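Chemist: Protein chains in written order, with the working numbering: chain A, 9 to 176; chain B, 9 to 176.
Just so you know, these hints were derived from the structure itself, not from any lab.
Accuracy of the hints is not assured; some may be wrong.
[Stated by the list, open to error] Every beta carbon over 12 Å from chain A, so not counted as near; a handful from chain B, in silico:
#	residue
1	36
2	93
3	125
4	127
[What the hints assert, rightly or not] Beta-carbon label-pair distances, calculated as ranges:
#	chain 1	residue 1	chain 2	residue 2	range
5	B	109	A	110	34 to 42 Å
6	B	19	A	168	25 to 33 Å
7	A	166	B	136	28 to 36 Å
[Claimed, not checked] Heads up, simulated DSSO-like pairs for lysine-lysine below, C-alpha to C-alpha not over 27 Å straight-line:
#	chain 1	residue 1	chain 2	residue 2
8	B	169	A	92
9	A	169	B	92
10	A	169	B	98
Bear in mind that the values here come from a model prediction, so they are computed numbers and not experimental data.
In this text, a Cβ means the ideal position worked out from N, Cα and C, and glycines have one as well.
There are 2 protein chains.
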Amino acid sequence: MTISMYQASAPRFVNILNNLSALLDKAQAHCEAKKIDPLVLTSYRLYPDMLPFTRQITIACDNAKGAVARLAGVEVPKHEDVEKTFEELKARIAKTVQFINTIKPAQIDGSEEKDIVLKLRAREVPYKGMQYLLGFAHPNFYFHVVTAYNILRHNGVELGKADYIGTP
Amino acid sequence: MTISMYQASAPRFVNILNNLSALLDKAQAHCEAKKIDPLVLTSYRLYPDMLPFTRQITIACDNAKGAVARLAGVEVPKHEDVEKTFEELKARIAKTVQFINTIKPAQIDGSEEKDIVLKLRAREVPYKGMQYLLGFAHPNFYFHVVTAYNILRHNGVELGKADYIGTP
Chain A
9 MTISMYQASA PRFVNILNNL SALLDKAQAH CEAKKIDPLV LTSYRLYPDM
59 LPFTRQITIA CDNAKGAVAR LAGVEVPKHE DVEKTFEELK ARIAKTVQFI
109 NTIKPAQIDG SEEKDIVLKL RAREVPYKGM QYLLGFAHPN FYFHVVTAYN
159 ILRHNGVELG KADYIGTP
Chain B
9 MTISMYQASA PRFVNILNNL SALLDKAQAH CEAKKIDPLV LTSYRLYPDM
59 LPFTRQITIA CDNAKGAVAR LAGVEVPKHE DVEKTFEELK ARIAKTVQFI
109 NTIKPAQIDG SEEKDIVLKL RAREVPYKGM QYLLGFAHPN FYFHVVTAYN
159 ILRHNGVELG KADYIGTP
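Given only the sequences and the hints, what does the whole structure look like? Please build it.
Modeler: Structural data, given as structure tokens:
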């Protein structure tokens, strides 16, 4: 037995995305309880040249759907970045999870050596499937989810690491 | 071909830990250039009840060495949490990488179904090897590395996501 490419991708992204959606519920409840304009939180950045909360969420979503689509060899669905509210961000996460759930294990399994070319700004970076998943997609995905978590915690939303990790 | 438990663990942790060490170099250089007491950064928290920078680093290290040791079925080496400076934190990372590098692929491979029992505060949580690695160790490890990154960025250290992801 070993780990299949599917096991290391789709269900892992879905699990954390669902946890992320629950973090947004807590953030929204926090705003209601404290009479805070939710847009203050969703537009918050940890530093002026860092991306705001909304983009942390949409990039996490894009990374998950991009990884799953590229490994499966299907077109990456385009989702426009228009979200501003917690409800809209939750809908974006739900749409991402819904797409990922359409991909069957057999579409991803066996993609360890698949050529994946990422367009990162001006340059194209070639990867093999496993290297792309473990070395790029995972750390990139977690980066944006954790940064979103940190933005909420930094602003006083009561969350714990268990909310983020959930039940694996 | 599939992903081995070794491929998804030891080299992944080592890669990110080495990138983390390079982030500390940049943070240290930043403190020197701006005449900032480095202990201000290493003791910084994003919120009063979050852990300080030092603990983000040591927990990331503990998570990596713990995962590798548990999967390999060897005793988890004890490293005391005494680090305060960037140099000490870099030495802690180096010690962690050194331990991980002593573990051979054959010691970890085949541990997908291995019973792993984690002591989390008062309770014991049972996992199977793959579930533990992908569902707990990965997200937990990335959590602390990214939180350390965010602490530095929030304090004006010039880092980019590429410094964190590196060359996978």
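Chemist: Each hint needs a verdict: does it hold in this structure or not?
Modeler: Hints, one by one, checked against the model:
With a minimum CB-CB distance of about 19 Å to chain A, residue 36 of chain B clears the 12 Å threshold, and the non-interface call stands. Once the 12 Å rule is applied to beta carbons, residue 93 of chain B is consistent with being away from chain A; the minimum gap is 23 Å. Even its closest Cβ contact with chain A, about 14 Å, leaves residue 125 of chain B beyond 12 Å, as expected for a residue assigned away from the interface. Look at residue 127 of chain B: its CB is around 15 Å from the nearest CB on chain A, clear of 12 Å, so calling it non-interface holds up.
The given range of 34 to 42 Å is respected by residue 109 of chain B and residue 110 of chain A, whose C-beta atoms sit roughly 41 Å from each other. For the pair residue 19 of chain B and residue 168 of chain A, the beta carbons lie near 30 Å from each other, so the given range of 25 to 33 Å is met. Separation of residue 166 of chain A from residue 136 of chain B is about 31 Å and conforms to the stated range, judged on CB atoms against 28 to 36 Å. Only pairs whose Cα atoms come within 27 Å are accepted, and residue 169 of chain B paired with residue 92 of chain A is accepted, the gap being roughly 24 Å.
Annotation: proposed proximity of residue 169 of chain A to residue 92 of chain B holds, straight-line Cα distance about 24 Å (limit 27 Å). Distance check on the hinted pair: residue 169 of chain A and residue 98 of chain B sit about 25 Å apart at the alpha-carbon level, within 27 Å; holds.
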